[in-house]
Amino acid sequence: MVEGPERVALRRSAAAAPAWLTRSRLWGWVLLALLYYGSARFGYAFGFSGPIAAIVWLPVGVGAAFLTIGGLSFWPGALIGDLLADQYTSVPVWGAIGQTIGNLLEVIVIAAVVREVMRRWSPLESLRGVAGVLAGICAGTAVSAIVGPLSLAVSGGLSIGSVPHVSWTWWLGDTCGGLLVVPLALAWSRRTRVRLSPRRAVEAFVALAVIGGLSLIAARGVTPAYLVFPILAIVAVRFGARGATTAVFFSVAVVVWGETDRHGHFSFDSFAPSVRQTQFFIIVLAISSLLMTALVAERGAALREMRAYEERAFSAAEAERRRMERDLHDGAQQRLLALTIRFGLNAREATSPTLQRLFAQTQGQLHQAIDELRDLSHGIHPSVLSELGLANATRSLAGRSAIPVTLVELPTRSADPDLQAAAYYILTETLANAQKHSGASSIRVRVSADDAGLQVVVEDNGVGGATETAGSGLMGMRQRVETLGGSFVLESPAGVGTRVTAVIPARVS
Amino acid sequence: MHATTPDPVRVLVVDDHEVAREALCDVVAATPGFDLVGAVASGPEALELVVSVAAPQLVLLDVQMPGMDGLETARRIDRLGRDVTVILLSAQSFGPAFQRGSLSVLFKGDVTPGWLTGLWARHCGSLI
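Residue numbers (the working numbering), protein chains in the order written: chain W, 1 to 509; chain P, 1001 to 1128.
Do not rely on the hints blindly, as some may be mistaken.
Short derived list, chain P residues pointing at chain W, Cβ under 8 Å [stated by the list, open to error]:
#, residue
1, E1022
2, V1063
3, Q1064
4, G1109
5, T1112
Short derived list, chain W residues pointing at chain P, Cβ under 10 Å [stated by the list, open to error]:
#, residue
6, H329
7, Q334
8, T340
9, G344
10, L388
By construction, these hints were calculated from the structure, which means they are not laboratory data.
No experiment lies behind these values; they were computed from the predicted model shown.
Glycine included, each C-beta is placed from N, C-alpha and C at the ideal position.
Please construct the entire structure, taking both the sequences and the accompanying hints into account.
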């Protein structure tokens, strides 16, 4: 296709646009302006926002969340949204403009602080992060709560004397908006998939229903509002940041709806104590829920760290055992073996009976030393594993068992040495137990390995009735398997036999 | 070639531990009717020697070696299709299970001239 003059002209005009004015940025402004304006209208429509103050001023949260997640460069969207949302008929124009400047600074301060917090910590899953987010919201809303009422007073829309009172209510309403929306948006903006099993979905639904019900009767003054707290704590524990922020939002929506339903539209003349009470309730609810979420998350992270540490320590110990076994094998064991072989060679030369007897005795003791050394190194780490692999080591164990062992399945591939050592340990322990206690006439062994890890099943047809007691071999097996993140199941009904199932998951490196 | 003095059995010793390897070599050297054609420390070296002019008939092979272990070396020697018998040796004895099945691993400490001639005689007997 030949480039026509129009096409060239189009390109020129595109080139003339400044580099920062990209299409996506423009769309971002439009989207933010719409969201900001929409949330403001929503507040007016449902009567929880008035021309000067609100129970919950949602646009703060919407604007701050958008700038936090999208970037500070979207601020013109908030400016446009706020200009559109201003109620010019109720307040003087200059007052409204001052109010808008305050509101714009407010969302920018919150977003800047929260972004800075996010660079250092997880904003919702650490106490420091939550503290930072709270500080950002409080600071940003303070800017608006000072600039807004002052500019209204200067332009004559408010008496100077009522500025402190209005500032206080303003700050409470804006803080409520920030506390409700910013954490909610942060929790849901992360790109992690939500997987709710039917059971969890039912649990979530029931929790929301209970929260909704309690919030509703609390808003109607039937029961104390704090009844909802334990449920929100449970939600924070069970569903993390997403669950907690959603539950708080839902609870507050119901409470505010109840409040406005009872008191009519929120406006100049309705700075009622009950409104203040509702705002305190929202702030306390949101902050406690955020702190709870952070505590739960920190506890989870600490647990995971501890488990990883435990696993590393276990792995290091296993590696050390393997190293010691190898050193014994490569050093003393080989030297003793060579000595035995050479000794056998020289023993032929001995002609006198005394010498022959001496040679025989010495050779016997050498064999004993080799056996003892082998047992010692086997106790440290069964070298049969490194020499022959788990399948052959299992065959060897089965061959030495006094009770006939049927090998139903053996692994066809090798696995992580730690996993193999644990599986071998289970096998030696269960086979020894069966021989000592079960009175069984046959044992069936199944060992399988796949991408998921190793599975060991040992069952006998003995007397059953085996129990795990502290310090027992069974308990030791469970601990060893669980340290590796696996599961250990003992089934031993009396008179039927005993089955031990150990599943040891593969390491995710 | 005289019918009464057959060619000695050509033996290759494979063991990564020098002390054990030398001791095994000494046994082979001291056994009448056996000729040491090579002593190496790894599987790949063993494979090279099996196909070389040395053409060992009997390989005394250590099970546990770094890199290509004894089992893998034995498998590869088998795949070469030569007329060669492999005896796997270990620093430990594994019990009777290992002398029954297809896999036979013998205890290194048992190796003596008598053991070697007896083993070879049984092997040749089983071939007839």
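A quick look at each hint next to the structure:
1. The criterion of a C-beta within 8 Å of any C-beta in chain W is met by E1022/P, whose closest approach is roughly 7 Å, and the hint holds.
2. Restraint check, V1063/P versus chain W: the minimum CB separation of about 5 Å is within 8 Å; hint holds.
3. Evaluation of the Q1064/P hint against chain W yields a held restraint, the C-beta minimum of about 4 Å falling below 8 Å.
4. Satisfaction of the interface hint for G1109/P is found here, the shortest Cβ-Cβ separation to chain W being roughly 4 Å, below the 8 Å cut-off.
5. About 4 Å separates the beta-carbon of T1112/P from the nearest beta-carbon of chain W, less than 8 Å, and the hint is met.
6. The criterion of a C-beta within 10 Å of any C-beta in chain P is met by H329/W, whose closest approach is roughly 6 Å, and the hint holds.
7. Using the Cβ-Cβ criterion of 10 Å, the hint placing Q334/W at the interface with chain P is satisfied: the shortest such distance is roughly 4 Å.
8. Below 10 Å, beta-carbon pairs count as interface contacts, and T340/W has one with chain P at about 4 Å; its hint therefore holds.
9. Hint status for G344/W relative to chain P: holds, with the closest Cβ pair at about 4 Å, below 10 Å.
10. Restraint check, L388/W versus chain P: the minimum CB separation of about 7 Å is within 10 Å; hint holds.
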